[in-house]
Amino acid sequence: MELYSLTIHEIAKKIKLKEVTIREVLDSVYSRIDSLESNVNAYINLTKEYAYITADKLQKKINDGLDIGFLGGVPIAIKDNMCMKDVKTTCGSKMLENFVSPYDATVIERLESAGAIILGKTNMDEFAMGSSTENSYFKKTVNPWDITKVPGGSSGGSSAAVSCDMAFAALGSDTGGSIRQPASYCSTVGLKPTYGLVSRFGLVAFASSLDQIGPFTKDVTDMAIMLNAIVGHDDKDTTSVNLEKIDYTKYLINDAKNMTIGIPREFLSEGLNPDVKKSFDIAIDELTELGAKVIDIKLDYIKYSLATYYIIATAEASSNLGRYDGIKYGYRTDKFENLLDIYKKSRTEGFGDEVKRRIMLGTYVLSSGYYDAYYKKAQKVRTLIINDFKRVFDSCDVIALPTAPNTAFKFGSKTSNPLEMYLEDIYTVPVNIAGLPGISIPCGFDSSNMPIGLQFISSAFEEKKLLQLAYTYEQNTEFHKMKPNI
Amino acid sequence: MSISREEIKHIANLSRIIVSDSELDKYAETLSNIVDMANEISKLNTDDVKPTAHILESVNVFRKDEVKPSFSREKILENAPTKESGCISLPKVVE
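Top line first, the protein sequences correspond to chains A and B.
The numbering of the first sequence is my numbering, which starts it at 1 and goes up by one.
The numbering of the second sequence is my numbering, which starts it at 1 and goes up by one.
In case anyone wonders, no lab produced these hints; they're calculated from the structure.
There may be inaccurate statements among the hints.
Said to hold, decoys possible - Taking lysine-lysine pairs in the DSS-like style, the calculated list, with each CA pair at most 30 Å apart, reads:
#, chain 1, residue 1, chain 2, residue 2
1, A, Lys236, B, Lys26
2, A, Lys328, B, Lys9
3, B, Lys43, A, Lys236
4, A, Lys236, B, Lys64
5, A, Lys245, A, Lys257
6, A, Lys390, B, Lys50
7, B, Lys9, A, Lys335
8, A, Lys335, A, Lys88
9, A, Lys344, A, Lys328
10, A, Lys380, A, Lys236
11, A, Lys16, A, Lys60
12, A, Lys335, B, Lys92
13, B, Lys75, A, Lys88
14, B, Lys75, A, Lys328
15, A, Lys60, A, Lys85
16, B, Lys92, A, Lys94
17, A, Lys303, B, Lys26
18, A, Lys277, A, Lys257
19, A, Lys60, A, Lys94
20, B, Lys50, A, Lys335
21, A, Lys245, A, Lys465
22, A, Lys344, B, Lys83
23, A, Lys94, B, Lys26
24, A, Lys236, B, Lys83
25, B, Lys50, A, Lys298
26, B, Lys68, A, Lys328
27, A, Lys85, B, Lys68
28, B, Lys50, A, Lys328
29, A, Lys344, B, Lys75
Predicted model only: the values in this text are computed from it and were never measured.
Chain A on its own, in the form it takes in the complex (with noise of 0.2 Å):
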């Protein structure tokens, strides 16, 4: 067994022990990133030479008998669109290709004080707008099940990198299901957090009211490990709560038997590939053999999240994104006769398509005239979906859905009809809606070996309900030891 296949749990144990140096660790998953990185294209930057200024550091303190923390000596990756000082943070975006971050984000203050070694920032759609990471200006990710396909988005590199070994575990941030879909896509362990548990300092805005940092990891118990490391009240942050700290690992038990588990049966019939609602009925079948009780619920506006989501999410884009002037960083453009023409045409080539899709339409929605029946309209369906859910969660605990409704798919299939890709965030949008965290954990394969994710849904801050169900389930299933043949 390499060491750079085993767990954030198994190989934290080793490096305490002093079964193996840190230094061992790196060279084990660097050494996996040089053989499958030139397919895989997950990172667009590694920080190698901090990588092992750190380990040597952390391997001194081991040896002189001091604590290291819970994730000390483990090397993890981080989506880029999130800040650590004096490394380049581009957001997969031309605009900030040069960008060098001259501080940390909160979370990477947390994972460093926690033990944690970064080892590069994962590949991303660009301004993490996408379902398929093909909108990065620097690479392709490709999925590791099959190069031929995507590996979900937006958070694409960091789900192929957990997914075959290249780091133990790596962040993400989902507004629309950036964390969860690729999970479901590449047969990793990905949540998204309650909005306002972990704080966004540092992450590159994209859609504030909407925007969450979450972890990528092999299986759950390793989840519960990562949230203990980024949870927590943040000054920085005003939308960060201030909420009593809780151990998330008390929450990894074998046992369904307290939990009742609610289907939106209506929502699963249209676009939904069969060979997942196959595997969801089985995973179904199984949570219910495991004592969990099922009940059918009905959630009468959640079929308008799609529509809600594209005016919401963009009308905040447009307004976060206005900071890309061409002025204090950032991409300029050579060629301008006044400051007018340096910003239209610094956006205008520093943007891709589909970002300048998105401020544009975000910018409609907000102009005279159409400011009430687009935004302050979607914003009036936004408390229907948030009241459904808190309505719904009278009756359950967790609420079950696929992650995506189909499996990766092939790259260029999905791009000339945006409205198309956005249909695979149509599980995971409401979510982000009403703020709730959600999970999304292996549960099975389709016809051509692709996975397939199973998706719970707390109430907000109830994520330790979503690890004893996901682990539960884990526990009695094999799904999560699957690797891809790369």
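Assemble chain B onto chain A, guided by the hints.
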């Protein structure tokens, strides 16, 4: 189409993005398709519903007004495309 070529020109200008004449039709078509999908919500009656800006109940989060270390000027200017005498330099904007 729900969004015309003229409207695309207007939105592009507001967005500070250049859309060439040859791209107008393409943008009009794709944006119209998305807006048509989004229009689905127009049929819902929301007269008595309050809009939600974000899901948290917190309002006006304040912190103590304390002086803390900030970045050096040099550090911040490292990312500026052009600079001069410790400032970000720009073409002349006032005649």
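Here is what the structure says about each hint:
1. Lys236(A) with Lys26(B): This hinted pair is violated, its Cα atoms lying about 42 Å apart.
2. Lys328(A) with Lys9(B): holds, 27 Å
3. Lys43(B) with Lys236(A): Outside the cut-off at roughly 40 Å; violated.
4. Lys236(A) with Lys64(B): Within the cut-off at roughly 12 Å; holds.
5. Lys245(A) with Lys257(A): holds, 26 Å
6. Lys390(A) with Lys50(B): At roughly 16 Å apart (the allowed maximum being 30 Å), Lys50(B) and Lys390(A) satisfy the hint.
7. Lys9(B) with Lys335(A): Given pair Lys9(B), Lys335(A) holds - Cα atoms ~22 Å apart, limit 30 Å.
8. Lys335(A) with Lys88(A): holds, 25 Å
9. Lys344(A) with Lys328(A): Given pair Lys344(A), Lys328(A) holds - Cα atoms ~15 Å apart, limit 30 Å.
10. Lys380(A) with Lys236(A): Holds, at roughly 29 Å.
11. Lys16(A) with Lys60(A): OK: Lys16(A) and Lys60(A) at ~12 Å, within 30 Å.
12. Lys335(A) with Lys92(B): holds, 15 Å
13. Lys75(B) with Lys88(A): Holds. Lys75(B) to Lys88(A) sits at ~14 Å (cutoff 30 Å).
14. Lys75(B) with Lys328(A): Judged against 30 Å, a Cα distance of about 12 Å means the pair holds.
15. Lys60(A) with Lys85(A): Holds. Lys60(A) to Lys85(A) sits at ~23 Å (cutoff 30 Å).
16. Lys92(B) with Lys94(A): holds, 26 Å
17. Lys303(A) with Lys26(B): Roughly 28 Å separates the two Cα atoms, so the pair holds.
18. Lys277(A) with Lys257(A): holds, 24 Å
19. Lys60(A) with Lys94(A): Violated, at roughly 40 Å.
20. Lys50(B) with Lys335(A): violated, 48 Å
21. Lys245(A) with Lys465(A): Given that 30 Å is the threshold and the Cα spacing comes to 16 Å, the pair holds.
22. Lys344(A) with Lys83(B): holds, 20 Å
23. Lys94(A) with Lys26(B): Answer holds: Lys94(A) to Lys26(B) is near 23 Å, not above 30 Å.
24. Lys236(A) with Lys83(B): Distance of about 29 Å is within 30 Å: holds.
25. Lys50(B) with Lys298(A): holds, 22 Å
26. Lys68(B) with Lys328(A): holds, 23 Å
27. Lys85(A) with Lys68(B): holds, 18 Å
28. Lys50(B) with Lys328(A): Violated: Lys50(B) and Lys328(A) sit about 38 Å apart, past 30 Å.
29. Lys344(A) with Lys75(B): Distance of about 27 Å is within 30 Å: holds.
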